[in-house]
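Quick mapping for you: the protein sequence lines, in order, are chains A and B. In terms of the numbering used here, the first sequence opens at residue 110 and continues consecutively. In terms of the numbering used here, the second sequence opens at residue 321 and continues consecutively.
Honestly, I wouldn't trust all of these hints.
Take a look, some chain A residues computed to stay more than 12 Å from chain B by CB distance [unchecked claim]:
1. A133
2. Y179
3. F272
4. P384
Residues from chain A shown here face chain B by an in silico Cβ test under 7 Å; the list is partial [claimed, not checked]:
5. P125
6. N126
7. G223
8. E226
9. A230
10. M233
11. R235
12. V260
13. V264
Restraint-style ranges between C-beta atoms, simulated for each label pair [stated by the list, open to error]:
14. V393(A) / K459(B): 32 to 40 Å
15. E594(B) / A133(A): 57 to 65 Å
16. G390(B) / P316(A): 50 to 58 Å
Hints listed in this document are in silico derivations from the structure and should not be mistaken for laboratory results. No experiment lies behind these values; they were computed from the predicted model shown. Even glycine gets a Cβ: it sits at the ideal position worked out from N, Cα and C.
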Amino acid sequence: MTAGTFEAAAPAALTPNAGGAEVASGGRLRWGFTDAVTVTWRNLVAYTRIPDAIFFSSIQPIMFVLLFRYVFGGAIQIPGTTYVNYLIAGVYVQTVMFGCVSTSVGLADDLHKGLIERFRALPMARSAVLAGRTTADALRNVLVLVIITAVGYLVGFRVQTNFGLFLCGLLLVLFFAYALGWAFAIIGLSASNSESAQLAAFPLLFPLTFASSAFVTTASMPGWLQAFAKNQPVSQVVDACRQLMLGNSPTHVWTPNSIWISLLWAVGILAVFAPLAVWRYRKVS
Amino acid sequence: MPAEWAVEADGLVKVFRGKREVRALDGVDLRVKPGTVLGLLGPNGAGKTTAVRILSTILSPDGGRGAVLGHDVVREADTVRRLIGLAGQYATVDENLTGRENIRMVGRLTHLPKKLVMERADQLLAQFDLTEAGNRPLKTYSGGMRRRLDLAAALVGRPPVLFLDEPTTGLDPQSRQGLWAVIEELVRAGTTVLLTTQYLEEADRLADRIVVIDHGRVIAEGTPADLKADLGTTVISVTFVDPDAARSAAGRLQSLGTKEPVLDGSTVDLTVEEGPKVAAEVLRTLDQAGVTVAGLALREPSLDDVFLSLTGHRAEVDEDQEGEDDGKVPAGAGAGANGKAGSGRAGKGSR
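Please put together the full structure from these sequences, using the hints given.
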């Protein structure tokens, strides 16, 4: 390393400007958007620099598809459809939900490594750190959903409706995960480090993901659990996804109503947790 | 209308409420003239970082007011953010991005036009001797390189006011010299700098004026020359065989120093004007009195001496308060707060 060999002449880069004279023009809204794009870009670049993280986060959903398809699949009977068709919507939702942990961990990391401190001294939009994180995670989810679909097709998953409705199903899953990401952002901003952010996020995820219709029908659960499992948002999103990809269930294992109910859940979660997360972000120091 | 002060603080108060209440700042006043360097000197936990965080809009004060070039740091925070650059002890740069990407990110978030950001990133990398490393992820950088990159990123908007929070803490002497040279370059070009440091040597080299703070209060203020004149220029440190001998010797040496001799175990510290001359006299005096001298050393006044002389206590690190004040210490932050490399004089607890 050759510290201390700085060039002698003071070039333009070291000369201070009169103050903000060079700043490009633009309103609050425009900067809110471009700042979020900048932070999203930064998060995506960071993902590509940790290729093993991408590798392992893709392995996990593949394992879920294969394990459930071949290990549990034989033992679980879904009236009116094959288990693999039933399963894929569950893996979509389960995977993006677990992906929310990286929203918490990423923010906790940025906070405790001092990066957010630097951001707070910049004239950037206050919402950009959160919007950039949740958007980057949503884009990563796109990749994950494509992988699950590909593996699903290899093991027998077939869309029963049409491509347009199938895409709507994927978009619904992405939107739900995006909304939920804002809730998990609050965990990241509240945890004392990235490890505890991860520990705090999982206990929330397990009951929501597994006490749902993601992998089995809620009818097989005891009555008290059914009440929760049937009505909680994850079941609604999974069932909505099935409705869109598989069409009407001949035995009413899922119903078309789930589409509207899950959309309402996602909008509601976003409306409540996005402002809370921004509020929390302003408070942390 | 040009502001009279580049940076101004009036009675800043900040209270952290944790396990116990800590008044990190207890009414701090600061004034920095445009184009000059103010050195904010103090031990860990004195409130230096807290003051910088308030003035750079990261933290809001519980009392008092701060302004940068006439703009209030709370009410006009966005204006202030366009006028300042901030670089810190814990280089707050993104590990996974390359050096060039880091500078570009900060430039974009400062709302500079894209083309200008590209140009500026290249210029800054060249200026900071990082052109070759510019396309490598930061993970591969040394501590000194990170610090330089952090400063380069802070300069991307060519801010007229620069806050440097312990810019050289934990750096090796060569990297430190390099950073000092750049800071001097910036000041020559007209930048106003508020610099916090634990090192008298650093403040002496860079600062036009020094403010010494301890426990959230300003305890001294002046030019480096003023402060050193107050201190005397040299400290003679005499070590004896036991504390009793030291105690009796301290009485005999009283008349030779500019201040009361300071007794610390079996060592006596004497502040004097002309070191070598008085040292000979010290030895003569002790010899005549028949006191055995185990060791004698001459040294320039250190921050310890400044503190001792101003407050009567050593510049101790209050662990709790340090945690509150300096906040997060990321793993791998190099040698850490106390790791003054090289020819350190202010080494805390070294005696």
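Against the structure, the hints:
Its beta-carbon lying about 5 Å from the closest one in chain B, A133(A) breaks the requirement of being farther than 12 Å from that chain. Even its closest Cβ contact with chain B, about 37 Å, leaves Y179(A) beyond 12 Å, as expected for a residue assigned away from the interface. With a closest Cβ-Cβ approach of about 36 Å to chain B, F272(A) is found to remain outside the 12 Å limit, as its non-interface label requires. Listed as a non-interface residue, P384(A) keeps its Cβ farther than 12 Å from every Cβ of chain B; the least gap is roughly 20 Å.
A hinted interface residue such as P125(A) counts as satisfied when its beta carbon comes closer than 7 Å to some beta carbon of chain B; here the least separation is about 4 Å, so the hint holds. Evaluation of the N126(A) hint against chain B yields a held restraint, the C-beta minimum of about 4 Å falling below 7 Å. The criterion of a C-beta within 7 Å of any C-beta in chain B is met by G223(A), whose closest approach is roughly 4 Å, and the hint holds. A distance limit of 7 Å between C-beta atoms decides the matter here; for E226(A) the minimum to chain B is near 6 Å, and the interface restraint holds.
Annotation: A230(A) was flagged as interfacial toward chain B, and the flag holds, the nearest CB pair being 4 Å apart, inside 7 Å. The interface hint given for M233(A) is met, as the beta carbon of that residue sits about 4 Å from the closest beta carbon of chain B, less than 7 Å. Residue-level restraint check for R235(A) is violated (minimum Cβ-Cβ distance to chain B is 10 Å; threshold 7 Å). Interface restraint check: V260(A) against chain B, minimum CB-CB distance 28 Å, threshold 7 Å, status violated.
Hint on V264(A) is violated. Least Cβ distance to chain B is approximately 35 Å, over the 7 Å limit. Between V393(A) and K459(B) the beta carbons are some 26 Å apart, a value that contradicts the proposed interval 32 to 40 Å. A hinted range of 57 to 65 Å holds for the C-beta pair E594(B) and A133(A), which are about 60 Å apart. For the pair G390(B) and P316(A), the supplied restraint of 50 to 58 Å holds, since their beta-carbon distance comes to about 55 Å.
The structure fails hints 1, 11, 12, 13 and 14 (numbered hints given earlier, in ascending order).
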